[in-house]
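Q: Listed here are the chains, written in short residue letters.
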Amino acid sequence: MIRTIDIEKSFGENHVLKGITTEFHDGKPNLIIGASGAGKTVLLKLLIGLFTPTSGQVFYDDTNIFELNKKELRQIRMKIGMLFQGNALFDSLTVGENIRFPMDMFTRRTAKEKQMRVDECLEMVNMEGINDRYPSEVSGGMQKRVGIARAMVLEPKYLFCDEPNSGLDPQTSILIDELICELTNRNNITTVINTHDMNSVMGIGDNILLMKHGHVAWRGDKSQVLESDNETLEDFIFASPFLQRLREDALKLRNRERG
Amino acid sequence: MLINTFLYHFGQYVLLLKSAVAKPERFSMYYKETIRQMDAIGVGSVFIVILISMFIGMVTAVQFADQLGDSFVPTYYIGYIVRDITIIEMAPTITCLVLAGKVGSNLAAEIGGMRQKEHIDAMEIMGVNTAAYLIMPKLVAAVFVIPLLVAISAFVSIIGGYVATVLPGSLSHTEYVLGLRSYFVPRYVFMMFVKASVFAFLLTSVSCYLGYYVKGGSIELGEASTNAVVVSNVLILLFDFIIALLLT
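Chains H and P are the protein sequences, given in the same order.
Read in order, the letters of the first sequence correspond to residues 1 to 259 in the working numbering.
Read in order, the letters of the second sequence correspond to residues 260 to 507 in the working numbering.
Rather than coming from a laboratory, the hints here were simulated on the basis of the structure.
The structure presented is a predicted model; accordingly, all values stated were derived computationally and were not measured.
Just to be clear, a hint being listed does not mean it is correct.
Claimed, not checked - A few chain P residues that face chain H, going by a derived Cβ cut-off under 8 Å, partial list only:
no., residue
1, K361
2, R374
3, N388
Claimed, not checked - As a list, the in silico EDC-like pairs of lysine to aspartate or glutamate whose alpha-carbon atoms are at most 20 Å apart:
no., chain 1, residue 1, chain 2, residue 2
4, P, K376, H, E155
5, P, K291, H, E97
6, H, K79, H, D104
7, H, K70, P, D298
8, H, K70, P, D325
9, H, K28, H, D235
10, P, K282, H, E234
11, H, K212, H, E234
12, H, K114, H, E128
13, H, K212, H, E8
14, H, K45, P, E284
15, P, K277, H, E155
16, P, K291, H, E155
17, H, K212, H, E163
18, H, K79, P, E479
19, H, K79, P, E369
20, H, K45, H, E67
21, P, K282, H, D104
Just so you know, even glycine gets a beta-carbon here, dropped at the ideal spot from N, CA and C.
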């Protein structure tokens, strides 16, 4: 489990995070949602220690990562997998080499064992047989899957995904969400997803944190979204008239079912 | 203000170098990367170094031949002058100034591009010491390979002097070779390698530093690349003077 306690972050005069206290649970996807500029990416980067907070603490189980020295922090990071918004696949390496990179760097496995694990990870994301292709030779959706395979290769305890659906069509987005959800459940990892994709919220939102102007504006799960009267949530999720109508219809249907 | 900026960058540069000197996570990965960099810096630059050195030697020889033409200085001195001026100054300094343009800008752009595409963040999150993995192999490769390029440059430059004076008949083969073999001071070769190593370290570390901390988009990346060349060149000239003072 990951916990944050009263996290604040400022960049000069710009006060981005204003006292975030929350928990991200094991074995289910934890979503951070919010409009652009709400502070989602800054929070995510703080969680993985790429930024240091102005004040506050981030605990991985019982360890405050900001009290660790560089070496200890690297030990924690070896338990982290991360899927970046732009995938961050190394252009000069093939797909297979990209996935193998963390193993080359941190394990003493033989070449055969590494190859088996690469194949296993590619199979896990339904991308068998593309080992020798370069990232530029595969589609955006495939790159996301390769990114997930690389993030999972060392069997992480924590998985972070920054906008996993950005630039993808709705169908591929749903597949990526389902894949992340399945891996999270199967491996019982703590997954934190930064997104503003409506499908993700309603599909895999088991623990949702809505942010606005650096504050937590709402928290709950996907089953509470439809019935919530939180204005910020309504403005964010049901932004278009079409979605507002859809919500009204869904609520009517539910009330009818309940009699 | 200028002093503050200088001290800020100098401090950050020293801290980056301190982080870069660390025990490798996996020696074989660093070794592979070092070999790759040796190929990129060494083999990738050998043609331009030969071309430039040839012309440096030719121009030096022709100009000295012209200046000594009506004097009482023996003509074999042309070989002697070309040899010493090449070894002491031209080969290390001009080669490294050229390499600052070619290799330095390339390193700053490569590392800066990795920063912008979040490759460095991705490695950090994997637990890689990015300062060490991205900078140390480049430093080791450059400090090993650039002195070799400088030695090649000195050799080619001397051949250039021969081509420009002996082939047209301004000087005989015997005179040029006699000049080359006269008054040889081995310490100058040592000085050449000291300069080459120091310049290699400067141009690589400064370029890596400017690339590693690049912020913003393509314009900033271009600026970092340009600054890598400008700052490396200034430092090479400054340290050329300092080494000359210390070793002569």
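Q: It remains to establish, for every hint, whether it holds in the given structure.
A: The hints, checked one at a time:
Interface restraint check for K361/P: the shortest CB-CB distance to chain H comes to about 19 Å, outside 8 Å, so the restraint is violated. Residue-level restraint check for R374/P is violated (minimum Cβ-Cβ distance to chain H is 11 Å; threshold 8 Å). The beta carbon of N388/P comes within 7 Å of a beta carbon in chain H, closer than 8 Å, and the hint placing it at the interface holds. At roughly 24 Å between alpha-carbon atoms, K376/P and E155/H are farther apart than 20 Å, so this suggested pair is violated.
For the hint linking K291/P to E97/H, the alpha-carbon distance of about 14 Å falls within 20 Å, and the restraint holds. With a CA separation close to 16 Å, the supplied pair K79/H and D104/H stays within the 20 Å bound. Straight-line distance between C-alpha atoms of K70/H and D298/P comes to about 32 Å, which puts the hinted pair past the 20 Å bound. Distance check on the hinted pair: K70/H and D325/P sit about 63 Å apart at the alpha-carbon level, beyond 20 Å; violated.
Note on K28/H and D235/H: the hinted pairing is violated, with a Cα-Cα distance of about 26 Å set against a maximum of 20 Å. Of the supplied pair hints, the one linking K282/P and E234/H is violated, its CA atoms being roughly 52 Å apart against a limit of 20 Å. A threshold of 20 Å between alpha carbons decides the hint, and for K212/H with E234/H the separation of about 12 Å falls inside it, so the pair holds. Restraint check: the Cα-Cα separation between K114/H and E128/H comes to about 15 Å, which is no more than 20 Å; the hinted pair holds.
Of the pairs offered as hints, the one joining K212/H and E8/H holds, with about 14 Å between alpha carbons and a cut-off of 20 Å not exceeded. Taken as a hint, the K45/H and E284/P pair is broken in the structure, with Cα atoms around 24 Å apart against an allowance of 20 Å. For the hint linking K277/P to E155/H, the alpha-carbon distance of about 31 Å lies beyond 20 Å, and the restraint is violated. Among the hinted pairs, K291/P with E155/H is inconsistent with the structure: their alpha-carbon atoms are about 26 Å apart, more than 20 Å.
Between K212/H and E163/H the CA atoms are separated by roughly 17 Å; this keeps the pair inside 20 Å, and the hint holds. Restraint check for K79/H and E479/P: the C-alpha separation of about 33 Å exceeds 20 Å, so the hint is violated. Under the criterion of a C-alpha separation no larger than 20 Å, the hint pairing K79/H with E369/P is inconsistent with the structure, at around 28 Å. This hinted pair checks out: K45/H and E67/H have alpha carbons roughly 16 Å apart, not beyond 20 Å.
Straight-line distance between C-alpha atoms of K282/P and D104/H comes to about 16 Å, which keeps the hinted pair within the 20 Å bound.
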